[in-house]
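Student: Protein sequences, first through last, are from chains U and X. 313 is the number that numbering that gives the first Met the number 0 gives the last residue of the first sequence; the numbers go up by one with no jumps. 283 is the number that numbering that gives the first Met the number 0 gives the last residue of the second sequence; the numbers go up by one with no jumps.
If you are wondering where the hints come from, they were derived from the structure by calculation, not from laboratory data. Fair warning: there could be bad hints in the mix.
In silico SDA-like cross-links for lysine to any residue, where the CA-CA straight-line distance does not exceed 25 Å [said to hold, decoys possible]: (1) K137/X x I196/X; (2) K168/X x T256/X; (3) K168/X x Y143/X; (4) K168/X x A192/U; (5) K168/X x G187/X; (6) K168/X x V188/U; (7) K168/X x S88/X; (8) K168/X x F33/U; (9) K137/X x R242/U; (10) K168/X x H201/X; (11) K168/X x A127/X; (12) K137/X x D182/X; (13) K137/X x S88/X; (14) K168/X x G195/U; (15) K168/X x A36/X; (16) K168/X x D189/U; (17) K168/X x A142/X; (18) K168/X x G139/X; (19) K168/X x E133/X; (20) K137/X x D189/U; (21) K168/X x G154/X; (22) K168/X x V198/U.
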Amino acid sequence: MSGLAAAAGVAAPGAPSLTWNVVADLRQLLAFHFMVNALEAGTIVAVTAGAIGWFMVLRRQAFAGHTLALVGFPGAAGATWLGLPLAAGYFGFCLVAALVIAAVPRVRHGGARSAETAVIGTVQAFALAAGILFVNLYRGFANGVDALLFGSFLGVTDTQVRILLAAGVGALAVLALIGRPLLFASVDVDVAAARGVPVRLLSAVFLLLLGAAVAEASEITGSLLVFALLVMPAATAQQLTARPRLSMVLTVAVALVVTWLALGVAFFSPYPVGFFLTTFAFGAYVLAVAARHAAAAAAGRRASRAVLVATGPS
Amino acid sequence: MSDPSPAPPAVVFRDASVRLGGRTIWSGVDLEVDEGAFVAVLGPNGVGKSTLVKAALGLLPVVSGRVEVLGRPPGAARHEIGYLPQRRSFDPGLRVRGADIVRLGLDGDRWGSPIPGLERLLPGRRAAAARVEEVIGKVGASAYANRPVGELSGGEQQRLLIAQALVRKPRLLFLDEPLDSLDLPNQGGVAALIASICRVEHVTVLMVAHDVNPILSYLDRVVYIARGGVVAGRPEEVITGPTLSRLFDTSIEVLRTSDGRLVVVGQPEAPALHSDRHHADGLR
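Please put together the full structure from these sequences, using the hints given.
Tutor: This is the structure we're talking about:
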């Protein structure tokens, strides 16, 4: 978390500095193996979390996604305490929690929804508490808490990249297989069910995919900032277009650009990557909202001008 | 589909009953819907009108008796049925175009994903897009089909949902309160649209309705459900004082206004539900 100082101390005589020569900067950045790993991991995570997050935003399941992220925290802290790989903790806890949430019936209207949020909220608070316990059980870990909660890109190992790649490709393959019926069930569950789409099964499978995406994103953004990749790119794209395919492509593009930029800037700065990632994603969202309102205002002006022309000067 | 020779009934209920959560919703229902007919399912709130449609779709099992749809058990013919469930409306923030909603009616139940770029190579893509465009034109929704569906009015959404139900050229159309939550001009417009689909495309229509008047002039048959049982027949036979009085076991009068509308007086309604409905409409 202390920026590059700690990691770069091994290699460079001085801290890397920005030269305004993009090629030179990139060469400087890619000279570090840990940075190549971080970019590879970030790319895999951005694509996976972006695509799955797009469906999460469409299905209004951000609360479930947030809970899965918080469940990942005790998973990772517990794994560290027990000397297991971080990924095992994230994936193990997130996938089990996804199954638990999937077991709670999801009803769209009225009371049952509040039952769902009550269950999820209960799980969420307990997860956070368990995480704090594990952190305290593992002494001398206090510095790592920051990384678990707010993300870190230092020390992504080759093995970690391979695990992320395997999980990401697997999750995206499943998503590609169920994409169309999942979209149908997400926007129009009654008609989809009447057409024979297995909506309960799809809902459970999607929660598992969401668990995998959250586990992946947590390793870069930390547990508290997963929405930087799960919600923000999708929300940005859905502001810009209502075409599902274009919207999905835009989501992944925004996630990728934001991740690369954040990793690049964090490399040259002493501040944490999670901050830059979230800030750039937030900036993209604000720009998208502004663009949509500007477009709507322009369309309104055109329409009123058309009316004026049609009615003529009075 | 347009074969004029005497066809078996499109929907048959024989002494059927449905239980939900330990409560018998209705029992001993006998019902036949002829191919090509426009049939309304009427009755007070909470009496099991939607349940009847769900039983015919195979979404709810009948505990006794028999149900057949297009000569097969319910659920076996679902690819030949267009269904429009009862609903309020889409989430106003839903950023998906109306045309995409219609398209999902065509192939939304197929596994896989429409991968951008790759899909262009698939055969049948042009035909599918043309079919979606054609059916959107047929319901008169071309002007707004490319806008996000959440931003459309109730009447516009309803037309697109009818297009979605029609896009696969079904033989049967099940509509659950499609006129609910529409204003009067839209009620008339959508009712006329459904009637023309029934007459011109020879699609059998089974429509749940709260108010019979917008569709009265188009109907071939009505099915009236009450707690006492079910009566089916031509509208002028069923919606009469004596028949409804027998069905509800209380004195009911049916008045005809000068413009041909029917007013049922004395029908036992669940008052709370009724006022809720108007409250919800007022908020819209």
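Student: For every hint, state whether the structure bears it out.
Tutor: Quick rundown of the hints versus the structure:
This hinted pair checks out: K137/X and I196/X have alpha carbons roughly 9 Å apart, not beyond 25 Å. Taken as a hint, the K168/X and T256/X pair is broken in the structure, with Cα atoms around 38 Å apart against an allowance of 25 Å. Using a Cα cut-off of 25 Å, the hinted pair K168/X and Y143/X holds, with the two alpha carbons roughly 22 Å apart. Taken as a hint, the K168/X and A192/U pair is honoured in the structure, with Cα atoms around 19 Å apart against an allowance of 25 Å.
Taken as a hint, the K168/X and G187/X pair is honoured in the structure, with Cα atoms around 23 Å apart against an allowance of 25 Å. Of the pairs offered as hints, the one joining K168/X and V188/U holds, with about 21 Å between alpha carbons and a cut-off of 25 Å not exceeded. About 24 Å separates the Cα atoms of K168/X and S88/X, which keeps this hinted pair within 25 Å; it holds. For the hint linking K168/X to F33/U, the alpha-carbon distance of about 58 Å lies beyond 25 Å, and the restraint is violated.
Of the pairs offered as hints, the one joining K137/X and R242/U holds, with about 22 Å between alpha carbons and a cut-off of 25 Å not exceeded. At most 25 Å may separate the alpha-carbon atoms for a hinted pair to count; K168/X and H201/X meet this at roughly 10 Å. In summary, the hint linking K168/X to A127/X is supported, as the alpha carbons are separated by about 12 Å, within the 25 Å threshold. For the given pair, K137/X sits about 21 Å from D182/X by alpha-carbon distance, which is consistent with the 25 Å threshold.
Taking the CA atoms of K137/X and S88/X, the gap is about 21 Å. The hint holds against a cut of 25 Å. At roughly 17 Å between alpha-carbon atoms, K168/X and G195/U fall within 25 Å of each other, so this suggested pair holds. Pair hint K168/X plus A36/X holds up; C-alpha atoms about 16 Å apart against a cutoff of 25 Å. At roughly 19 Å between alpha-carbon atoms, K168/X and D189/U fall within 25 Å of each other, so this suggested pair holds.
Distance hint between K168/X and A142/X is fulfilled; the C-alpha atoms sit about 22 Å from each other, no more than 25 Å. Between K168/X and G139/X the alpha-carbon distance is near 17 Å, which keeps this suggested pair within the 25 Å criterion. Between K168/X and E133/X the CA atoms are separated by roughly 11 Å; this keeps the pair inside 25 Å, and the hint holds. Restraint check: the Cα-Cα separation between K137/X and D189/U comes to about 24 Å, which is no more than 25 Å; the hinted pair holds.
As the CA atoms of K168/X and G154/X are separated by approximately 22 Å, the hinted pair is consistent with the 25 Å bound. A hinted pair counts as satisfied when its Cα atoms are at most 25 Å apart, and K168/X with V198/U qualifies at roughly 23 Å.
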